[in-house]
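A.B. asks: Sequence:
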Amino acid sequence: MKTDLFSKSLIPIAKALLGVFFYAFAYRVFLLPFHLYNGGFTGIAQILQSLSRKFFFSELHTDISGIILWCLNLPLFFLVYKTISKNFLLKTIITVFFQSFFMILIPIPQSPLITDCLTSCLIGGAISGLGAGLALSSGSCGGGSDIIGLYCAMRYPRFSVGKLNLLLNFVIYLYSAMEYEFTTAIYSFIFSASASFFMDRIHHQNIKTNVMIISECPSLGTDILQVLHRGYTYWYGFGGYTKKQIYIYLTVISKSETGKLKRIISEKDPHAFVTFSEHLEVLGNFEKRFDI
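With the numbering used here applied, the sequence shown corresponds to residues 1 to 292, in that order.
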């Protein structure tokens, strides 16, 4: 019982905290030494900090974007409480708090660790994306646009989180180009693009996979329904060489569910022929699921 509680509660939280540490580390160590802007709500926090220094607190030299980011997330916690789940709310509050804490605690180097800005953006973006992906795959998130994206994706199947991030990032990069110079916006974009690429390699829940299974097992579809809770279509066929009757199953799952499906197939029919096709556009009743 204690082992189950540990694996279900403490391990995901530890994984999420490790993720936000990576995120904050990349932000403080690779991004800020070049005076670049992150994407999403972190970038919005940077803009608010810059504007407050410009118009109100000109002598403020300490980076307080972590505190601003925490304040921006406070109304989103209420949205999570009302519409998603209390369990996800608790994990998100813990995750966002430590992310903001790390964004204050981790020291900013006096000079960049990697002198080449492009290389620093690519490496820092990879570390940042790894961190964000770890947080999301643990059933939590770093707040901001992730919360809005999860909410809208659950309520509106055609909603694109990418479009939301694109709009936010357009405002951020436009401000950085106007306030500093065009190269600042370009390098900031490269950092965010690298982060998005590596986040998608870690977080698979939004990737849909089409699976076709050719098997002699007549009960394979029942296990797909009972274990994965996914619908399927099947029809009869005949082997071109053996002339034996076979069952052809077709289903669509999330990429994060492929491991469970492979175990089902391995137990029922280890000799089945299976094909996987990813990055599909699916119309109709396909349920998006999130580990929340």
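Hints listed in this document are in silico derivations from the structure and should not be mistaken for laboratory results. Any given hint could turn out to be false.
For each label pair, taking beta carbons as the anchor points, the in silico distance ranges come out as [what the hints assert, rightly or not]:
| no. | residue 1 | residue 2 | range |
| --- | --- | --- | --- |
| 1 | Val171 | Phe238 | 55 to 63 Å |
| 2 | His271 | Leu174 | 36 to 44 Å |
| 3 | Ser111 | Leu225 | 52 to 60 Å |
| 4 | Leu166 | Thr242 | 31 to 39 Å |
| 5 | Ala14 | Lys82 | 26 to 34 Å |
| 6 | Lys262 | Ile94 | 30 to 38 Å |
| 7 | Leu79 | Phe238 | 49 to 57 Å |
| 8 | Leu10 | Gln226 | 27 to 35 Å |
| 9 | Leu48 | Phe77 | 15 to 23 Å |
| 10 | Leu10 | Ile248 | 54 to 62 Å |
| 11 | His229 | Arg201 | 24 to 32 Å |
| 12 | Thr242 | Phe77 | 53 to 61 Å |
| 13 | His271 | Asp200 | 48 to 56 Å |
Don't be surprised by glycine CBs; every beta carbon is placed ideally from N, CA and C.
A.B. asks: Next step is simple, just say for each hint if it's right about the structure.
C.D. replies: Right, here's what the structure says about each hint:
| no. | hint | result |
| --- | --- | --- |
| 1 | Val171 to Phe238: 55 to 63 Å | 59 Å, holds |
| 2 | His271 to Leu174: 36 to 44 Å | 57 Å, violated |
| 3 | Ser111 to Leu225: 52 to 60 Å | 59 Å, holds |
| 4 | Leu166 to Thr242: 31 to 39 Å | 51 Å, violated |
| 5 | Ala14 to Lys82: 26 to 34 Å | 28 Å, holds |
| 6 | Lys262 to Ile94: 30 to 38 Å | 33 Å, holds |
| 7 | Leu79 to Phe238: 49 to 57 Å | 54 Å, holds |
| 8 | Leu10 to Gln226: 27 to 35 Å | 29 Å, holds |
| 9 | Leu48 to Phe77: 15 to 23 Å | 19 Å, holds |
| 10 | Leu10 to Ile248: 54 to 62 Å | 43 Å, violated |
| 11 | His229 to Arg201: 24 to 32 Å | 26 Å, holds |
| 12 | Thr242 to Phe77: 53 to 61 Å | 59 Å, holds |
| 13 | His271 to Asp200: 48 to 56 Å | 33 Å, violated |
In the structure shown, a violation is registered for the earlier hints numbered 2, 4, 10, 13, in ascending order.
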